[in-house]
Amino acid sequence: KNQVEQSPQSLIILEGKNCTLQCNYTVSPFSNLRWYKQDTGRGPVSLTIMTFSENTKSNGRYTATLDADTKQSSLHITASQLSDSASYICVVRQSNFGNEKLTFGTGTRLTIIP
Amino acid sequence: DGGITQSPKYLFRKEGQNVTLSCEQNLNHDAMYWYRQDPGQGLRLIYYSQIVNDFQKGDIAEGYSVSREKKESFPLTVTSAQKNPTAFYLCASIQGQGAGGELFFGEGSRLTVL
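Chains P and E, in that order, give the protein sequences.
Residues in the first sequence are numbered from 1 upward in steps of one, following my numbering.
Residues in the second sequence are numbered from 1 upward in steps of one, following my numbering.
This is chain P alone, in the form it adopts within the complex (with noise of 0.2 Å):
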């Protein structure tokens, strides 16, 4: 069964601290991997997207990396703000032979304290 599964489920961390998120999934055959943050009562926006060949990419202070092997990406945050309280969702994509699905994490919630 392909599923996506994240952790932790929650995590509160202090203003300025790093913290990472974990995904891992095992959607086949593998076609590419995406993070989204989605704020309280909104929808979610794209992050990142990570395609097999690659292993790590940045976007501002996100930082996702990806083991196709193990199947497995992270979301790293550094110094974090306040406005990165929202959930963080993994979304693994699927393509065989043209039939394509995106399988959804349950997410992580950040919340970051004063």
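Hints in this document: simulated from the structure, not taken from any laboratory.
Where a beta carbon is used, it is the ideal one built from N, C-alpha and C, also for glycine.
Only some residues are given here: those of chain P computed to face chain E with a beta carbon under 7 Å:
#1 Arg-42
#2 Gly-43
#3 Pro-44
#4 Ser-46
#5 Phe-104
#6 Gly-105
#7 Thr-106
Across the chosen pairs, the derived CB separations fall in these ranges:
#8 E:Thr-112 / P:Asp-39: 17 to 23 Å
#9 E:Asp-54 / P:Ser-95: 18 to 24 Å
#10 P:Thr-51 / E:Gln-50: 19 to 25 Å
#11 E:Thr-112 / P:Gln-9: 21 to 27 Å
#12 E:Glu-15 / P:Ala-79: 44 to 50 Å
#13 E:Gln-17 / P:Leu-14: 42 to 48 Å
#14 E:Glu-69 / P:Ser-95: 27 to 33 Å
Using 30 Å as the maximum straight-line C-alpha spacing, the simulated DSS-like pairs for lysine-lysine come out as follows:
#15 E:Lys-83 / P:Lys-101
#16 P:Lys-1 / P:Lys-71
#17 E:Lys-83 / E:Lys-14
#18 E:Lys-71 / P:Lys-101
#19 P:Lys-101 / E:Lys-57
#20 P:Lys-71 / E:Lys-57
#21 P:Lys-57 / P:Lys-101
#22 P:Lys-1 / E:Lys-83
#23 P:Lys-1 / E:Lys-57
#24 P:Lys-101 / E:Lys-9
#25 P:Lys-57 / P:Lys-71
#26 E:Lys-57 / E:Lys-14
#27 P:Lys-1 / P:Lys-101
With chain P fixed as given, assemble chain E onto it according to the hints.
Quick look at chain E alone, frame taken from chain P:
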């Protein structure tokens, strides 16, 4: 600015009533999607449409209906047959079918059944 507009933002419904959620996009995207988001669960696909006048059931289509009469519009009707309709509904669109295609989400509609 280009984007996806969902309305209403909040909606209350009595049991037995049908309600329609609006989704309009001016991104000139071909494909549009409806997702349902519940606490502790990943987004689940209700319906999707890849072209005007055509749509397909997703994983949880029972109790829902859609139409795609115009490229820009993809309304979702939550019927009285949906046994547990209280949820946050997200509309999304994507350009083409490429593996790198990014889902753009609306701001969501929160439906509460009284």
